[in-house]
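These protein sequence lines are chains A and B, in that order. Under my numbering, the first residue of the first sequence is numbered 47, with each subsequent residue one higher. Under my numbering, the first residue of the second sequence is numbered 2, with each subsequent residue one higher.
Everything labelled a hint here was simulated from the structure, so no lab data went into it. Be careful, since some hints might not be right.
Covered, in the sense of this in silico footprint (three residues per stretch, anywhere, with C-beta under 8 Å from a C-beta of chain A), are these stretches of chain B [to be verified]: (1) 6 to 15; (2) 134 to 143; (3) 172 to 185.
A short, non-exhaustive set of chain B residues, derived as facing chain A with CB atoms under 10 Å [stated by the list, open to error]: (4) Arg19; (5) Thr34; (6) Val48; (7) Pro50; (8) Ala51; (9) Phe52; (10) Leu55; (11) Ala65; (12) Ser67; (13) Phe195; (14) Gln198; (15) Leu205.
The beta carbon of each residue, even a glycine, is placed where N, CA and C say it ideally should be.
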Amino acid sequence: MNRIHFIRSGLCSTIQDRGRTGFRHIGVPSGGALDSVSHELANRLVGNSADAATIEMTLTGDEIEFRHDTLIAITGADMAPTLHDSSDVWQPVAQHCPMVIPAGSRIRFHGARRGCRCYLAIAGDVDVPIVLGSRSTALRAAFGGHCGRMLTAGDDLAIGTPSETGRQTIERLSALESGSGRPVHPHWFVRPIELPNPDMATLRIVRGTHTPWLSRSELERLLNSAFRMSSQSDRMGYRLTDQRLELERREELLSEGSIPGTIQLPPDGNPILLMADCAPTGGYPRIGHVITADLGIAAQLRPGQLVRFAMVTLDQAQVFFRQQRQMLTKALIMANLMIHR
Amino acid sequence: MTPSIEPLGDSAAIVAWRLLDEAAAWRAVQNATEHLDHNRIDGVIEVAPAFKSLTVYYDCGKLAWSQAEQWISDSLRSVPITLDTTQRQLNIPVCYDPEFALDLPTVADAHDLNSDDVVHLHSNADYVVQMIGFSPGFPYLAGLPSQLHTPRRASPRMQVPAGSVAIGGEQTGIYSCNTPGGWNIIGRTPVQLFDPQRDPPCLLRTGDNIRFVPIDRQQFDDSVERI
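Whole structure, please, built from the sequences with the hints as guidance.
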């Protein structure tokens, strides 16, 4: 069985898949890859199913040793990965395409030059147990993924058998340049969505239940000011600073449902953008929701960077999501044609 | 009473009975949650209850808001009034030892009671699990005697140990995982409320009747999980 070995680990590297469903009624977060588009793209480029898991790295990446020739794909944030052979001679590694890594070599992921979260998919999928219907690491409750925790130096992960599509991709790529001991990749890449502008990102939002509790001027501030993503930001949520918003009404609320993308306004006035590991319920007013199509962009925001919000209608939000799915499907069809032409 | 149906972002809906009193809203939520969950159509992912509302999560690639809303309002018309009244009675052992009960003095002082009074009041009341949430397996319990209602701490603790029994406002609850938390901790149970390897993973269900049974430190240390 193929294995990969972690020589060094990044800031927060976890195993994630599409997340869990069916357990929110007992307080279990959905979890899953924060940038689900990059996650799915990586999986599909190596012939994995949409349910497969990837390794999600945050801001700084891991150093991983590959024991056998392995088909992988790297998507999302640009961590300037380099490939090192046994005598530490290195070369840059291609991203956003399928690639065969020669046995015995290591990939070193560095600090993210752009974006925040990088995804590594391995043909055959990461072989960790399914817990509550998913392989995603639930960090707070400490279950799922690899031992319910972040990956760390010394960890060794078993890799499953590549799918038929994966095997064909390996054959095609190996025909390009066989036995050279170099990584083999095609001369194209697919990137269906761009990483956010590192200076000023824009997230599209829809109204929340308590948006009417903002006065006209406060609503304008929500839509026309820049918020800074604080360093107190993780997979549960991002604290946004630089602007304090006030509500016209102050009421203690009973806890109600939340979803990733929800923008809560706690009493201190600094909004919190909830992400995939958020609790399924919350008691703070909801002043808006980042649309599903933009959650992948939110996942790539970097602590300290500025972000602004643009209001769209619910109908538009849902259309944007369907368009994004179509874009991803087209990109994957193109990639498939390029590999197997 | 007809509940409100409102969007929660672009891929969920909140169905709320906010104007009903607590008990009536709670019954409506339980009934409707079960009914909607059993009659899910393609594109509806899951249904989860809260206090006076429930949340329907759907895939906005498969269902537009108008379709989700239509399905919810149609389904709500046929909710049977068949709440399972066979509520379980469970005893949860709690050790009120000072080492665990970090905020017991605060709670006692706030009500001019001594610590023994607080323990006596807390362990002689009947509680009902209203909701599971906040973290996996965390039960929100109704039925806290009014003499023990205590506001949350001004600044939450960064880490509350799993099993901590705590008071937050009018409610009491049990921290099911090691998490940050702002409730006043008055004891600890050796019982594991959430275990993803167990089936079902969550020990308690909404509607369960709960009593807290005081145990001493020795019993806590000796206790193997059994309930």
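Now for the hints, and whether the structure bears them out:
1. 6 to 15: holds (count 8)
2. 134 to 143: Coverage by chain A holds for the segment 134 to 143 of chain B (7 residues, Cβ < 8 Å).
3. 172 to 185: holds (count 4)
4. Arg19: holds, 8 Å
5. Thr34: Where the cut-off is 10 Å and the nearest Cβ of chain A is about 8 Å from B/Thr34, the hint holds.
6. Val48: holds, 8 Å
7. Pro50: It holds, given that the least Cβ distance between B/Pro50 and chain A is near 6 Å, below 10 Å.
8. Ala51: Where the cut-off is 10 Å and the nearest Cβ of chain A is about 5 Å from B/Ala51, the hint holds.
9. Phe52: Given a least distance of 4 Å, the restraint on B/Phe52 holds.
10. Leu55: holds, 8 Å
11. Ala65: holds, 6 Å
12. Ser67: holds, 8 Å
13. Phe195: B/Phe195 check passes; min Cβ-Cβ to chain A is 7 Å, inside 10 Å.
14. Gln198: holds, 7 Å
15. Leu205: At about 9 Å, which falls below the 10 Å cut-off, the nearest Cβ of chain A leaves the hint on B/Leu205 intact, so it holds.
Comparing the model with each earlier hint shows no violations; every hint is respected.
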